[in-house]
Structure formats: C-alpha cells, structure tokens
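Visitor: Protein sequence lines correspond, in order, to chains A and B. For the first sequence, numbering that gives the first Met the number 0 gives the first residue as 0, with consecutive numbering after it. For the second sequence, numbering that gives the first Met the number 0 gives the first residue as 0, with consecutive numbering after it.
Where hints are given, some of them may not hold.
FRET-style restraints, in silico, Cβ to Cβ [claimed, not checked]: (1) A:Ala20 with B:Val59: 40 to 48 angstroms; (2) B:Thr140 with A:Gly164: 52 to 60 angstroms; (3) B:Thr140 with A:Arg27: 53 to 61 angstroms; (4) B:Asp55 with A:Arg27: 30 to 38 angstroms; (5) B:Val59 with A:Arg27: 48 to 56 angstroms; (6) B:Ala192 with A:Val315: 54 to 62 angstroms; (7) A:Gly164 with B:Asp14: 45 to 53 angstroms; (8) B:Glu318 with A:His31: 55 to 63 angstroms; (9) A:Ala20 with B:Asn295: 55 to 63 angstroms.
Because the hints were derived from the structure by calculation, they are not lab data. Heads up, the beta-carbon is just placed ideally off N, CA and C, and yes, glycines get one too.
There are 2 protein chains.
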Amino acid sequence: MPLVVQKYGGTSVADPERINAVADHIARTRRHGSDVVVVVSAMGKTTDDLIRLASDINDVPPGREMDMLITAGERIAMSALAMAVTAKGVPAASFTGSQAGIISDTVHTKAKILEVRGDRLRQALAEGKVPIVGGAQGVSTGNDVTFLGRGGSDTTAVALAAALGADECEIYTDVTGVFTADPRLVPGARRLAKVSFEEMLEMCASGCPKPEMRSVEFARNHHVPLHVRSSFTWEPGTWVKEEDPSMEQAIISAVVHDTGEAKVTVTHVPDHPGIAARLFRSLADEHVNVDMIVQNVSLDGTTDISFTVPVADLVVGMEVCRAHAAEIGAADVLADSDIAKVSLIGAGMKTHPGIAATMFETLASEGVNIDMISTSPIRISCVVKADKVEQAVQALHDAFKLAG
Amino acid sequence: MPLVVQKYGGTSVADPERINAVADHIARTRRHGSDVVVVVSAMGKTTDDLIRLASDINDVPPGREMDMLITAGERIAMSALAMAVTAKGVPAASFTGSQAGIISDTVHTKAKILEVRGDRLRQALAEGKVPIVGGAQGVSTGNDVTFLGRGGSDTTAVALAAALGADECEIYTDVTGVFTADPRLVPGARRLAKVSFEEMLEMCASGCPKPEMRSVEFARNHHVPLHVRSSFTWEPGTWVKEEDPSMEQAIISAVVHDTGEAKVTVTHVPDHPGIAARLFRSLADEHVNVDMIVQNVSLDGTTDISFTVPVADLVVGMEVCRAHAAEIGAADVLADSDIAKVSLIGAGMKTHPGIAATMFETLASEGVNIDMISTSPIRISCVVKADKVEQAVQALHDAFKLAG
Numbered sequence: 000m001p002l003v004v005q006k007y008g009g010t011s012v013a014d015p016e017r018i019n020a021v022a023d024h025i026a027r028t029r030r031h032g033s034d035v036v037v038v039v040s041a042m043g044k045t046t047d048d049l050i051r052l053a054s055d056i057n058d059v060p061p062g063r064e065m066d067m068l069i070t071a072g073e074r075i076a077m078s079a080l081a082m083a084v085t086a087k088g089v090p091a092a093s094f095t096g097s098q099a100g101i102i103s104d105t106v107h108t109k110a111k112i113l114e115v116r117g118d119r120l121r122q123a124l125a126e127g128k129v130p131i132v133g134g135a136q137g138v139s140t141g142n143d144v145t146f147l148g149r150g151g152s153d154t155t156a157v158a159l160a161a162a163l164g165a166d167e168c169e170i171y172t173d174v175t176g177v178f179t180a181d182p183r184l185v186p187g188a189r190r191l192a193k194v195s196f197e198e199m200l201e202m203c204a205s206g207c208p209k210p211e212m213r214s215v216e217f218a219r220n221h222h223v224p225l226h227v228r229s230s231f232t233w234e235p236g237t238w239v240k241e242e243d244p245s246m247e248q249a250i251i252s253a254v255v256h257d258t259g260e261a262k263v264t265v266t267h268v269p270d271h272p273g274i275a276a277r278l279f280r281s282l283a284d285e286h287v288n289v290d291m292i293v294q295n296v297s298l299d300g301t302t303d304i305s306f307t308v309p310v311a312d313l314v315v316g317m318e319v320c321r322a323h324a325a326e327i328g329a330a331d332v333l334a335d336s337d338i339a340k341v342s343l344i345g346a347g348m349k350t351h352p353g354i355a356a357t358m359f360e361t362l363a364s365e366g367v368n369i370d371m372i373s374t375s376p377i378r379i380s381c382v383v384k385a386d387k388v389e390q391a392v393q394a395l396h397d398a399f400k401l402a403g
Numbered sequence: 000m001p002l003v004v005q006k007y008g009g010t011s012v013a014d015p016e017r018i019n020a021v022a023d024h025i026a027r028t029r030r031h032g033s034d035v036v037v038v039v040s041a042m043g044k045t046t047d048d049l050i051r052l053a054s055d056i057n058d059v060p061p062g063r064e065m066d067m068l069i070t071a072g073e074r075i076a077m078s079a080l081a082m083a084v085t086a087k088g089v090p091a092a093s094f095t096g097s098q099a100g101i102i103s104d105t106v107h108t109k110a111k112i113l114e115v116r117g118d119r120l121r122q123a124l125a126e127g128k129v130p131i132v133g134g135a136q137g138v139s140t141g142n143d144v145t146f147l148g149r150g151g152s153d154t155t156a157v158a159l160a161a162a163l164g165a166d167e168c169e170i171y172t173d174v175t176g177v178f179t180a181d182p183r184l185v186p187g188a189r190r191l192a193k194v195s196f197e198e199m200l201e202m203c204a205s206g207c208p209k210p211e212m213r214s215v216e217f218a219r220n221h222h223v224p225l226h227v228r229s230s231f232t233w234e235p236g237t238w239v240k241e242e243d244p245s246m247e248q249a250i251i252s253a254v255v256h257d258t259g260e261a262k263v264t265v266t267h268v269p270d271h272p273g274i275a276a277r278l279f280r281s282l283a284d285e286h287v288n289v290d291m292i293v294q295n296v297s298l299d300g301t302t303d304i305s306f307t308v309p310v311a312d313l314v315v316g317m318e319v320c321r322a323h324a325a326e327i328g329a330a331d332v333l334a335d336s337d338i339a340k341v342s343l344i345g346a347g348m349k350t351h352p353g354i355a356a357t358m359f360e361t362l363a364s365e366g367v368n369i370d371m372i373s374t375s376p377i378r379i380s381c382v383v384k385a386d387k388v389e390q391a392v393q394a395l396h397d398a399f400k401l402a403g
C-alpha cells in the first residue's frame with residue numbers, strides 16, 4: 000500500500016471546523032487506498048500566544064523551558080485531530096516528537112534532527128491506525144523535549160517521510176502552491192506545477208515563505224517528493240522534486256522578493272587582507288545571519304563593505320560593526336532598513352546568457368535603482384529601495400512572461 | 000536539608016502575576032533553607048477549555064487522546080513557572096509526569112499511580128535545582144500519557160513527597176485551610192489548625208471539596224503530613240496528619256455539606272435474600288457511584304430501598320433500576336435530585352455518646368426533616384431537602400459551638 004505523509008500547518012487546523020475538514024481529508028485519503036502519517040502544527044496563533052506568555056514571565060526564558068512550553072501547542076492540535084479522525088471511523092493515535100522517535104541535538108528552540116527511529120509509528124500503521132505526530136518537536140540526546148524552530152513541522156514531515164520510506168510528502172497550507180511571484184503583489188502570478196529542489200531552495204533563501212527551507216534540503220538529500228498544496232481547496236498544488244532531464248526547463252521559474260532584510264555599510268575600511276574576515280567572524284560569533292555581501296574595489300586604499308542581515312539581527316549587527324570600526328580603522332557604520340531584495344530564479348538560467356542584462360534593463364526602464372547585486376548559477380538578486388519592490392516584481396514578472 | 004513538596008492549584012497560577020507571586024514564594028522557601036519540589040496544576044480554566052475543545056470535535060473522545068490533550072495544560076503551567084522561578088535567580092527545571100517517573104495503570108482519564116521512580120527529580124535536586132512537575136499526569140505501563148483525573152495534582156504531590164521522603168507536603172489553594180463549615184454558608188466558620196487523616200477522609204467523602212480524597216488516603220498510608228494553605232495570603236493553614244494521642248480531641252471538628260447528590264428509591268421490593276445484592280452489583284457494573292444506602296424493615300413482605308448517587312450518575316442509575324424493577328418484582332423507581340447531605344465529623348464522637356441525638360434534636364427544632372441517615376464511627380450524615388441545607392449547617396455549627 001502506498002504511504003503518504005501529510006503535514007498540516009496552523010491555519011489548516013485553526014479551529015474545530017478546520018480540524019474537522021482536515022479529518023475528512025485524511026479519511027478520504029485512506030479510502031482511496033493510501034496509508035497516512037500526519038504531522039500537525041499548533042492551532043492558529045497558539046505558538047504566538049505561548050511565546051507572549053513566556054515573555055510576560057521572563058525576559059530571557061531558559062531554552063529548555065521555552066521548548067517545553069511551545070511544544071504544548073502541537074500536543075493540543077495532534078490530540079484534537081486524532082479525536083476528529085477517530086470520529087470519522089478511522090482509528091488514529093497521536094504521538095509527541097519523543098514518542099515518534101525523533102531524536103534531536105540539545106540546542107533548545109532550534110534543535111536539529113539527528114535520527115528518526117519511528118518504531119511506534121510503524122507499529123501504529125501495522126495496526127491500521129493513522130499516526131498523528133506533533134510537528135517541530137523531538138527529544139534530545141539529553142532526554143529533554145526540544146523544539147525544532149518556527150516552521151519546523153515541515154522538517155518533521157519530510158524526516159518522517161524519509162525514515163518511513165513514504166512515496167510522497169504533502170505540505171498542506173493556506174495557499175494553493177508555489178507561485179511565479181507573490182500573488183498579493185502580482186495579480187497575474189501563476190501557480191507552478193513543478194519546481195526542482197535547487198530552484199525551491201533558492202526561492203526559500205530569497206524570501207519565499209513556504210515551504211520551510213530546511214525541509215526542502217532534507218527532501219532533496221533523501222529524495223522525498225514534496226507536494227505543496229491547499230487544505231482549503233484541496234486542489235493539486237506544486238510538486239517540488241528532482242530535476243527531470245527529459246523535460247524542457249523554464250528559463251525563469253519565479254520572481255521572489257524579501258522585505259525582511261536591512262543593509263549595513265562600513266565605510267572607508269582600510270583595504271588590507273584579513274580585515275573583512277575579522278569583521279564577519281565577529282558577526283558570526285554573535286549569530287548575526289549575514290546574507291548578501293558587497294565590497295567595492297578601492298581607489299584610495301580604502302573600501303566600503305555592505306551586507307544585508309535580517310531586520311531582527313540589525314541592532315546586534317550594528318553593535319558588532321561599531322565595536323570593530325575603530326579597531327579596523329573604518330570611518331563610519333551606516334544602517335538602512337528601507338530596502339527590499341528582488342530575485343529571479345530559474346534552473347534554465349545556467350544555459351541562457353543575458354538574463355542578468357534583461358533584469359537590469361527592466362529595472363532601469365522602471366526607474367528602479369539597484370543598490371546591491373549578488374548571483375548564483377540559478378539566481379540573480381538585486382537590492383532596491385523598499386518603496387520600489389512592488390513595481391520591480393511586477394515589471395520582471397512581465398518582462399520574463401511568467402504569467403504564461 | 001529538609002525537603003518540602005509544594006502543590007499549587009489552578010487559581011494559584013491563573014496568570015503571569017500569580018505565577019510570579021508563586022515563584023517568589025518558592026525562592027523564599029529555598030532561602031529559608033529547604034529543598035523544594037513543586038507540583039502544579041493547569042493555569043486557571045485551561046483544563047475546562049481543553050475539555051470543551053474535545054467535546055466540540057468528538058462526542059466521545061478516545062481516552063488516550065483526551066489524556067494527551069488535557070496534560071498540555073499542566074505542561075504550559077509547569078514550564079511557565081520554571082521560567083518565573085529562574086527569573087528569581089533560583090535554578091529550576093520542569094518535568095512531565097513521565098519525566099518525573101510517575102508510572103500509572105492504563106485506565107485513561109482516571110489513571111492510578113502504580114510506582115514513582117523519581118530518579119530525574121533526585122538528580123535535579125542534587126544539582127541545586129527546583130524540579131517543577133506537571134500535576135495529575137503519568138506514563139502508563141503501555142508507554143502512553145495518562146491523566147490522573149480532576150484534582151489529581153494533589154495525589155501527584157503526595158506521591159512524590161512519599162517517594163522522595165519529603166518532610167511535608169503543602170497543598171496551596173485559594174482558601175486558607177480546612178474550615179469547621181463552608182464559610183459561604185456559615186460566616187462564623189473557623190479554620191481548623193489540625194485534623195486527623197481519618198477526619199479529613201470523612202470530610203472529603205461528605206462533600207468537602209479540598210484536598211482531593213485520594214491524596215489524603217495516600218498521605219495517610221505513607222505518613223506524609225499535609226499542610227493545606229493559601230497561595231494568596233501565605234498564612235499558616237490546616238495540618239492534616241496522624242492523630243496525636245497526647246492532645247485532647249475536639250468532639251466535633253466540622254459540619255460538611257454536599258448538594259451534588261440525588262436520591263433514588265426503588266419501592267415495594269420483595270424482601271428476599273439476594274435482591275439488593277443483584278441491584279447494587281448491576282449499578283457497580285455500570286460505574287454508578289452509590290453513596291448512602293437505606294433499607295427499611297418490611298411489614299408486608301416488601302421493602303423500599305433508597306440510595307444516593309452523584310447527580311452525574313443519576314440518569315444511568317435510574318436506567319439500571321428501571322431495567323431491574325420488573326425482574327425483581329419492585330413496584331416503581333423514583334428519583335429526587337432536590338436533596339442535600341449534611342454531615343457531622345469528629346474523632347471524639349467515638350467516646351462521646353449522644354452526638355446523634357443532639358444532631359437530630361437540632362434539626363428537628365429548626366423544622367428540618369431528615370430523609371436518610373448513615374453513620375460511621377466518626378461521622379453522622381443526614382439527607383435533608385436541598386432548600387434546608389444552609390439552615391441545617393448553620394444550626395449544627397451553632398449547636399456544637401464550632402465557632403470556638
């Protein structure tokens with residue numbers, strides 16, 4: 000019998016009506032002849048509520064206790080969903096990450112999966128039950144409850160699919176799939192029927208919010224086909240899988256934007272070997288997540304170094320740079336949080352020269368100034384002013400005829 | 000170093016301010032030189048909310064899933080409280096029932112503790128931490144999460160106190176102790192400084208809502224002194240412990256009432272051996288919790304059998320009796336839910352004759368009719384009309400001079 004892992008996000012199980020609709024679909028999948036393992040996130044805004052409770056009690060809550068607290072959210076959702084599936088006449092049993100055999104490292108609030116045992120899930124399947132597993136949680140090698148981080152339920156689902164040898168992993172969410180651009184910005188955006196793992200990873204890194212990047216990496220490494228689809232319409236969504244050499248590749252798959260980053264510029268840095276290394280090592284030590292880095296060639300023996308960081312890391316990033324500015328002989332440290340990153344992604348880019356030129360021409364003809372540029376073999380990203388992002392995304396979507 | 004187990008009920012940790020106040024008291028107890036193990040119930044009305052969620056989803060939720068769902072409540076409270084204690088500079092770590100080594104049977108929604116291992120708690124204490132344990136939960140011999148039932152946190156606390164060899168177990172609640180009568184009915188009711196385990200058990204069985212009866216039995220069997228006190232005023236409360244032969248006993252300790260029962264009467268039952276046995280065996284088989292039983296001597300070869308049951312069991316109890324009425328040759332089955340039970344409890348009763356007579360005279364002089372009577376060596380209970388209960392309790396409290 001085929002086995003499918005289905006992951007349902009928080010909006011998919013936000014209230015008893017939604018839980019009931021999801022239970023119907025699980026029962027339907029079983030009737031159609033598949034075994035099902037379910038992974039579920041916390042209901043609606045539960046995780047936010049629990050985080051707020053913690054911050055009301057302790058400004059710096061201990062990670063071990065934070066994980067114990069947050070995982071209560073998935074525990075509620077998984078047992079409620081198991082009750083709903085049972086009410087449809089399909090036997091079901093809920094399992095915590097620990098019970099499901101998801102062994103993680105000991106890094107609280109963002110633990111990584113080390114091993115998936117899955118014996119109890121295999122036994123539940125053998126008994127004809129639908130196992131329903133709390134997402135984004137595990138038990139550490141030190142026997143403590145761990146949380147895999149926001150969005151970690153996708154990773155749980157893919158890890159279970161890999162461990163149990165599932166035929167596919169369905170990621171149910173509140174959108175119908177992965178789009179050529181954010182439909183809120185581009186009304187003509189088209190749902191992609193299929194993207195490769197590599198394209199999806201570049202899209203995740205460029206600001207596409209779903210699915211979670213770690214889960215895509217895990218799926219690629221373990222050859223688990225993902226199906227990103229809607230739990231509101233149940234229509235077929237977007238397949239994320241290995242590149243299919245027999246099919247002609249689209250040159251460009253999508254335009255992705257990200258307004259969650261800020262730019263830091265360190266000016267008049269002496270152009271000596273090792274200066275940049277010292278700065279970025281210090282940023283890494285403080286867990287500042289640096290994305291794009293641009294350094295201009297110097298004429299006067301100094302250079303400006305700019306980089307982008309998530310807005311949440313801006314304050315710490317600025318502090319690190321200011322602390323080093325004097326030491327490395329830099330003139331000043333400037334911040335700009337009024338930026339956006341626009342990225343073109345497409346596996347066909349590798350074999351089609353001129354994509355970058357078309358991108359820059361398109362932005363220029365719209366009067367959009369480019370602040371920073373970075374590229375990979377299948378991606379070109381430009382930093383622009385935040386108030387130009389909608390115009391830039393729409394123009395690129397048109398220029399590359401992504402509406403199809 | 001002395002060891003105290005402190006149990007905090009739902010109202011004691013209803014919101015972040017209350018959690019903070021409780022954390023202060025835990026830190027204070029440590030400063031005063033005691034090791035502390037904490038047991039905590041779910042915050043405020045969380046358990047009710049979770050039960051409502053379940054009933055919105057499944058009319059008959061499976062017990063295994065119900066226990067998984069409800070225990071999320073204590074998980075939230077225990078991790079939040081651990082964060083609060085840590086914020087006071089006292090190291091703390093939360094533990095689920097399973098992590099604390101509380102092994103139960105497999106009867107979901109009302110599991111019984113079979114064994115307490117407690118190794119992780121001992122280790123946490125050795126590391127200088129305050130272990131904070133989720134109340135009313137354990138792990139079954141079948142490796143499933145179990146709930147010990149409403150009020151089960153008291154039992155968790157006493158079981159841990161016994162297993163860890165604690166010097167005492169403090170039950171913190173929203174009242175200042177155990178009273179000579181319900182202060183809502185009797186304004187002059189007095190807090191008892193001390194009651195014996197036997198008296199407390201009779202009071203629990205007669206309608207005194209706190210502490211939970213099972214926990215008192217456990218405390219008596221394992222010689223754990225209980226201290227029932229308030230987490231709002233922190234003043235000394237009521238000690239529940241072994242009878243102290245050196246102290247003069249109060250003749251009567253308290254008047255307790257219970258309005259949560261109903262009366263069933265089976266009329267004109269043939270007075271043959273085995274008839275009552277058959278009826279009460281059938282009631283037991285349906286888990287109907289029979290309290291008082293009264294059977295009158297028959298004159299015409301038949302008898303009326305009356306008994307009381309919790310109001311929640313009335314419908315099933317009536318069904319069982321109706322099903323047997325024809326078979327045993329009884330005439331009719333009548334129900335009366337408009338009753339209340341008033342009980343006098345006192346260890347000194349054993350050696351002071353005439354207490355029952357005084358009780359009946361007091362009720363008669365108030366015009367309160369007695370419907371049923373049952374006694375134990377240290378208790379006399381009378382069933383009266385529900386609308387007479389306040390008057391009866393006040394009159395008995397006065398007659399036995401319990402205001403002191």
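Visitor: Does each hint fit the structure? Answer for all of them.
Guide: Hints, verified against the model:
no.	hint	result
1	A:Ala20 with B:Val59: 40 to 48 angstroms	violated, 20 angstroms
2	B:Thr140 with A:Gly164: 52 to 60 angstroms	violated, 31 angstroms
3	B:Thr140 with A:Arg27: 53 to 61 angstroms	violated, 36 angstroms
4	B:Asp55 with A:Arg27: 30 to 38 angstroms	violated, 21 angstroms
5	B:Val59 with A:Arg27: 48 to 56 angstroms	violated, 22 angstroms
6	B:Ala192 with A:Val315: 54 to 62 angstroms	holds, 57 angstroms
7	A:Gly164 with B:Asp14: 45 to 53 angstroms	holds, 47 angstroms
8	B:Glu318 with A:His31: 55 to 63 angstroms	violated, 42 angstroms
9	A:Ala20 with B:Asn295: 55 to 63 angstroms	holds, 59 angstroms
Against the hints set out earlier in the document, violations occur for numbers 1, 2, 3, 4, 5, 8.
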